[in-house]
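Chemist: Sequence:
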Amino acid sequence: MHNVLKHATGCQNVTLKLACRASQLEITLADDGQGFDQSHVTHVGGLKNMQKRAQQIGGKLQIVSTLGQGTTVTFKAKLT
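Residue numbers (our numbering): 92 to 171.
A couple of the hints might just be wrong.
Here are the computed lysine to aspartate or glutamate pairs in the EDC-like style, where the Cα-Cα straight-line distance is at most 16 Å [to be verified]:
#	residue 1	residue 2
1	Lys-151	Glu-117
2	Lys-97	Asp-123
3	Lys-169	Asp-123
4	Lys-108	Asp-123
5	Lys-167	Glu-117
By construction, these hints were calculated from the structure, which means they are not laboratory data.
Produce the entire structure from the sequences given, and follow the hints as far as they go.
Modeler: Written out as structure tokens, the structure is:
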């Protein structure tokens, strides 16, 4: 949520979904802000740190963003 406030220029709506299916937890955060071109993102800083933290607790982080269409971040992890 902090990154949405900090980086999602033009954002009007944010959706947060929390799902627990079978033995998997899934958290999705989506905004309708300006988005960004993922091909021009270096793998340093905030995004890299988010992915590293997800891996440290056994999960995976997926980031999808399109210019003018917002950003969606999804975290998935198996529950034990």
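Chemist: Please go over all the hints and tell whether each is borne out by the structure.
Modeler: Structure-based check of all given hints:
For the proposed pair Lys-151 and Glu-117, the alpha carbon gap of about 10 Å is at most 16 Å, so the pair holds. Distance check on the hinted pair: Lys-97 and Asp-123 sit about 14 Å apart at the alpha-carbon level, within 16 Å; holds. This hinted pair does not check out: Lys-169 and Asp-123 have alpha carbons roughly 28 Å apart, beyond 16 Å. With a C-alpha separation of about 15 Å, the suggested pair Lys-108 and Asp-123 falls inside the 16 Å cut-off, and the hint holds.
Pair hint Lys-167 plus Glu-117 holds up; C-alpha atoms about 5 Å apart against a cutoff of 16 Å.
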